[in-house]
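Asker: In case you want the letters, here they are:
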Amino acid sequence: MEPVDIGLWGVPLAILGGAIRVSTPFIFVSLGECLTERSGRINLGLEGTLVFGAMSGYAAAYETGSPFAGVLVAAVFGAMFGLLHGWLCSFRGVNDIAVGIAMMLFGMGLAFFFGKPYIQPVAPDLPALSLGWWSDIPQVQAALQVNVLFIAGGLLALFMAWMFRSTRVGLTVRVVGDSTDAARAMGLDPDRVRLLSTGVGGALAGVGGAYLSLYYPGSWTEGVSSGQGLMAIALVIFARWNPVNCFWAALLFGGAGALGPALQSVGVSEGYYLFFAAPYVLTLALLVMTSSPDRAMQGAPSELSLTK
Amino acid sequence: MTRIDKTAAGAIGVEAINMTMRFGDFTALDNVSINIGAGTFHALLGENGAGKSTLVKCIMGFYHATSGQLLVAGREEHMTDPKVAQSLRLGMVYQHFTLVPSLTAAENLVISRADAPAVIDWRSERRRLDAFMATMPFSVPLDQPVSRLAAGEKQKLEILKQLYLGNRFLILDEPTSVLTPAEADEVLTHVRGLTQAGEITVLMITHKFREVTAFADEVSILRRGKYVGGGRVDEMSIDEMSRAMMGEAPQISERTRHETDRQPILTLRGIRAQDRSGLKSIEIDDVTLHSGEILGIAGISGNGQMELMEILTGQRRTFGGSITVNGRPYAATRAEARAHEIRYLPEEPLRNACAPRMSVAENLAFRMFDEGRGGGTAFWKDGRAIARNAVSLIDGFRVKTTSPAARIASLSGGNVQRAVLGRELTGGVRVLIVSNPCFGLDFNAVSTIRDRLIDARNSGTAILLISEDLDEIMELSDRILVMSEGRVTYETPIATANVAEIGQHMAGHG
Numbered sequence: 001m002e003p004v005d006i007g008l009w010g011v012p013l014a015i016l017g018g019a020i021r022v023s024t025p026f027i028f029v030s031l032g033e034c035l036t037e038r039s040g041r042i043n044l045g046l047e048g049t050l051v052f053g054a055m056s057g058y059a060a061a062y063e064t065g066s067p068f069a070g071v072l073v074a075a076v077f078g079a080m081f082g083l084l085h086g087w088l089c090s091f092r093g094v095n096d097i098a099v100g101i102a103m104m105l106f107g108m109g110l111a112f113f114f115g116k117p118y119i120q121p122v123a124p125d126l127p128a129l130s131l132g133w134w135s136d137i138p139q140v141q142a143a144l145q146v147n148v149l150f151i152a153g154g155l156l157a158l159f160m161a162w163m164f165r166s167t168r169v170g171l172t173v174r175v176v177g178d179s180t181d182a183a184r185a186m187g188l189d190p191d192r193v194r195l196l197s198t199g200v201g202g203a204l205a206g207v208g209g210a211y212l213s214l215y216y217p218g219s220w221t222e223g224v225s226s227g228q229g230l231m232a233i234a235l236v237i238f239a240r241w242n243p244v245n246c247f248w249a250a251l252l253f254g255g256a257g258a259l260g261p262a263l264q265s266v267g268v269s270e271g272y273y274l275f276f277a278a279p280y281v282l283t284l285a286l287l288v289m290t291s292s293p294d295r296a297m298q299g300a301p302s303e304l305s306l307t308k
Numbered sequence: 309m310t311r312i313d314k315t316a317a318g319a320i321g322v323e324a325i326n327m328t329m330r331f332g333d334f335t336a337l338d339n340v341s342i343n344i345g346a347g348t349f350h351a352l353l354g355e356n357g358a359g360k361s362t363l364v365k366c367i368m369g370f371y372h373a374t375s376g377q378l379l380v381a382g383r384e385e386h387m388t389d390p391k392v393a394q395s396l397r398l399g400m401v402y403q404h405f406t407l408v409p410s411l412t413a414a415e416n417l418v419i420s421r422a423d424a425p426a427v428i429d430w431r432s433e434r435r436r437l438d439a440f441m442a443t444m445p446f447s448v449p450l451d452q453p454v455s456r457l458a459a460g461e462k463q464k465l466e467i468l469k470q471l472y473l474g475n476r477f478l479i480l481d482e483p484t485s486v487l488t489p490a491e492a493d494e495v496l497t498h499v500r501g502l503t504q505a506g507e508i509t510v511l512m513i514t515h516k517f518r519e520v521t522a523f524a525d526e527v528s529i530l531r532r533g534k535y536v537g538g539g540r541v542d543e544m545s546i547d548e549m550s551r552a553m554m555g556e557a558p559q560i561s562e563r564t565r566h567e568t569d570r571q572p573i574l575t576l577r578g579i580r581a582q583d584r585s586g587l588k589s590i591e592i593d594d595v596t597l598h599s600g601e602i603l604g605i606a607g608i609s610g611n612g613q614m615e616l617m618e619i620l621t622g623q624r625r626t627f628g629g630s631i632t633v634n635g636r637p638y639a640a641t642r643a644e645a646r647a648h649e650i651r652y653l654p655e656e657p658l659r660n661a662c663a664p665r666m667s668v669a670e671n672l673a674f675r676m677f678d679e680g681r682g683g684g685t686a687f688w689k690d691g692r693a694i695a696r697n698a699v700s701l702i703d704g705f706r707v708k709t710t711s712p713a714a715r716i717a718s719l720s721g722g723n724v725q726r727a728v729l730g731r732e733l734t735g736g737v738r739v740l741i742v743s744n745p746c747f748g749l750d751f752n753a754v755s756t757i758r759d760r761l762i763d764a765r766n767s768g769t770a771i772l773l774i775s776e777d778l779d780e781i782m783e784l785s786d787r788i789l790v791m792s793e794g795r796v797t798y799e800t801p802i803a804t805a806n807v808a809e810i811g812q813h814m815a816g817h818g
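Chains as they are written, first to last, in my numbering: chain A, 1 to 308; chain B, 309 to 818.
Incorrect hints may have been included.
[To be verified] Covered by chain A, according to a simulated footprint, are these stretches of chain B (three or more residues, beta-carbon under 8 Å):
no.: 1; region: 389 to 397
no.: 2; region: 793 to 804
[Claimed, not checked] Pairwise CB distance ranges (calculated):
no.: 3; chain 1: A; residue 1: S90; chain 2: B; residue 2: P801; range: 52 to 62 Å
no.: 4; chain 1: B; residue 1: T641; chain 2: A; residue 2: R165; range: 40 to 50 Å
no.: 5; chain 1: B; residue 1: K689; chain 2: A; residue 2: L155; range: 50 to 60 Å
no.: 6; chain 1: A; residue 1: Y280; chain 2: B; residue 2: P445; range: 50 to 60 Å
no.: 7; chain 1: B; residue 1: F677; chain 2: A; residue 2: S90; range: 51 to 61 Å
no.: 8; chain 1: B; residue 1: I802; chain 2: A; residue 2: S90; range: 41 to 51 Å
[Stated by the list, open to error] Chain A side only, calculated, beta carbon under 8 Å to chain B, not exhaustive:
no.: 9; residue: S166
no.: 10; residue: T167
no.: 11; residue: L171
no.: 12; residue: V175
no.: 13; residue: D181
no.: 14; residue: G187
If you are wondering where the hints come from, they were derived from the structure by calculation, not from laboratory data.
Cβ coordinates follow ideal geometry from the N, Cα and C atoms, glycine included.
Based on the provided sequences and hints, a complete structural model is requested.
Answerer: In C-alpha cells, the structure reads:
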C-alpha cells in the first residue's frame, strides 16, 4: 500500500499510535505499583523488575518459540522479585524505599548478567490486533495496531477498580494500607497482605518488561527501559492510587513520549528533541497543578512511608 | 441476687475469678474478681493506671493473665487469642478509634465481618445494612469516608459495628470522652435500652460518676490493681464510690478568682477559611480575647472549633479577615508567637505539639532550646539547660516518665498533656490558646490542669479555651461563645449562662 500524505494530521495520529504503543509498560507497572502502594508499601525496585522481566521474557520466548511463554516467565520472575522485596521489608526497621533502590540495581545487574547471550538472537513478537481495518489510510492502520497486552492492561485496570470496591481481597488491601492497627484489630496479618501485594505487583511489572522486549521496541538490549519503571511510580501518585486513572495517566504519558518522534516525522527538524522530555515535564507540571497546600493528598494510603 | 449466664435475647454474662496479671515485678492486676451478669450495664471505675485496661485486655485475650479464671456464659474459657473472644461474641470499643479512615462507614462494617464475602454485592449488602440501621437506635451516614465523620459519629459507628458483628458482650472504653453531654446521654440511653432488652451485656470503663449513676446497674471499682469496692449502683452513693476509687474523697479545689485589669489582646475579624472536609466554610466575624479572662468556646465536635485552633496556630490558611495581637497583624510565626508570648495547647498534643520520637526532655525544650542569653537566638545547643528545664517541668507538672530521655510517644495521654501544658505555661505567657485540655484524663490530672489554667488567668494571662466538654466550659470560663456550623452563634457572660440555652445553640437551634 502506498503511503498517503495526510499532512499535519500525522501528528495527532502518531501521538495516538505512540500512546497505545508506549503506554503498555506504564499501564502494567503502574497497576502493579498501585496495588503495592494501596497495601501501604512502596516498591521502588520495579525498574529492576521491569528490566529483568524484559530479559527473562525475551529469553523464554526465544527458547520456547512462544511469546506468551515469555510473558508468563517474566511474570513469575517479577513475582519472585516482588516477594523478595516484601519479605525483606517484613523485618523490623527495614525501610521499603532503601530495599526498593537495592532491588532496582540488583534486578538490572542480574538482567545484564544473564541477558548477554540474548542480545543477538531474535525472539518471536507478541501478536497485535489490527483495529484499523475500517480505514484505507495506512498511517491510521499503523497507529491502530493494538497489542493484546494493551487490551489486557485496560481490562486489568477495570478489574482492579472493581476489586478495590467490591471484593474482600480489595477491601483487605485497602484496610492494611490505611491503618495497620485497624487491620490487626480485625485479625488480619498486615505483613502477609503486603508481601502478597508486592508479589503480585512485581508480577505485573514483569509483564510490562516482557512487552518491552517482545513488542515495542521489540528486542532485548541493556537500554530497553528508559526509566518507565520509575516514572510509573510518579504516575501512580498522579493517578491518586486509582487503577482506572492509572490507565488514563499511562496513555497520557505514552502520548507525551510519542510527541518528539511524531514532530520529527512531519519534518520538524529543529528542537524536536526537546519534546522527548515532554513526559518528564508533564509529570512535574501535573503534580504541581493537582496538589493543594491545604489538603493532604486525597486517596493516599496513610500507611505509605511517602505520606507519613 | 441471682445472675443469669445468658438472656433469652442473647446477651451473655462474663465472670472473672481471681485474675492476676504481672509484668515482670509489677503487678498490674492483683487477684481481681468481678461478675457481670447477662443483660446488665456494668461500670468499671478507676483512675488511670488502676488496672482497668489490663483487666479488659485479659478478658479480650490481648494479655494472658498470669493466673485466674474466666467464665463466659457460665463456661470456663481460655482467652489465648483475641480471636477466641471474637468467636465467643465478646467485643470491645476502644478509646482510640479502630475504624479505617479512608473506607466508608458501609465498607468498614462489611469488611469487619469475619464472614465477609469474597465478592461483595453492594446492592444487597446495602439493603441489609439499611435494614440493620433501621433496628438501631441511632444511625450514621454510611457513604461518607470515616475520616469525614465527626468524633461523635465515629464513636457511634464503633458501637454500631460491634452490634453489627453480633457481639453480645461489649466492653466500652470511655465511650463518651469524645461526645458532648447531650450526645453522650443519647448514646448511653440507647445502649442502656439494649441491655434492658436483654440484647447485650455492657462493661463500661469510665471516669464520670454521673454516667455511672445515670446508666449503670452495677459498678466495680479498682485502685492500684486491686478490687476495692462495688455493687449495685442504687445502693451506693457517689461519695462512697469516689472514696473507694481515690482512697479518700477527691480534693475539689476551691478555685479563687482574682480580677485583673482587662485589656483586649487578641482580635479575630472577618476570618474566612475552609473546614477540614473542604466542603464547608469557617466564618468568624468578630472575637476579642482580653487579658485576665478565660473565653470559653463551646460546641459539638466538628463545628469548626478544630479549624479555629488551626487558624490560630497557623496550621490552616485563611482566605480573608485579620488576626491582630496588641493591634498588630499576627500570622502565627514562631517569632511573632515569641514576641507576643502566645502559647498553645492544641488537641491531640502528641500529634500537633510534639515530635513523638524525640525524647521527653527534647520535647519540653521546644520553647527554649534556641533562646540565647539576653533574648537573642542561640547557635549551640545547651544540653545542661535542656536537662534542667526537663527536670523542673517533669517535677512541677508531675509528668510520669521512666526518664527524661524516654520517647515522648511512650508516655500515656495524660502525661503528654501535662508535659505540653507545662512547656507552654512556663516563662512569660500573655495568651494561652487551649483545646480540650482535659480530654481523656483522670480526676487528678483534670483537677491539676484546671487549677493551672485558673492560676494563669489570675495572673493576667488571656486564655482561649476551646472545649467540647460543656461542664469544663461552665466551670472555667468568664465568657462563653458557642460555635455551630463554623460560625459563632451565641455569646454570654458566665453570670447569665444557662446550660440548656447553650445546649440549644450548640445543636444549631438558637
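Asker: Decide, hint by hint, whether the structure agrees.
Answerer: Now the hints, each set against the structure:
1. Beta-carbon proximity to chain A at under 8 Å applies to 3 residues in the region 389 to 397 of chain B; the threshold of 3 is reached and the given coverage holds.
2. Counting residues of the region 793 to 804 of chain B whose beta-carbon sits less than 8 Å from any beta-carbon of chain A gives 0, not enough to reach three: the coverage restraint is violated.
3. Distance hint for S90(A) and P801(B): a CB-CB separation of about 60 Å, consistent with the stated range 52 to 62 Å.
4. At about 44 Å, the beta-carbon gap between T641(B) and R165(A) stays in the expected band of 40 to 50 Å.
5. Roughly 59 Å separates the CB atoms of K689(B) and L155(A), a value that falls within the hinted 50 to 60 Å.
6. Distance hint check for Y280(A) and P445(B): the Cβ-Cβ separation is about 57 Å, which falls inside the suggested range of 50 to 60 Å.
7. Range check, F677(B) to S90(A): about 37 Å between beta-carbon atoms, so the 51 to 61 Å window is missed.
8. A beta carbon spacing of about 57 Å between I802(B) and S90(A) contradicts the range 41 to 51 Å that was offered as a hint.
9. Annotation: interface hint on S166(A) holds; nearest CB of chain B at approximately 5 Å, less than 8 Å.
10. At about 5 Å, the closest approach between the beta carbon of T167(A) and any beta carbon in chain B falls short of 8 Å, and the interface hint on this residue holds.
11. Interface restraint check: L171(A) against chain B, minimum CB-CB distance 4 Å, threshold 8 Å, status holds.
12. Taking 8 Å as the C-beta contact cut-off toward chain B, the hint placing V175(A) at the interface holds, the least distance being around 5 Å.
13. For D181(A), the suggested interface contact is upheld, since its CB lies about 7 Å from the closest CB of chain B, less than 8 Å.
14. About 6 Å separates the beta-carbon of G187(A) from the nearest beta-carbon of chain B, less than 8 Å, and the hint is met.
Of the hints listed earlier, those the structure fails to meet are numbers 2, 7, 8, in rising order.
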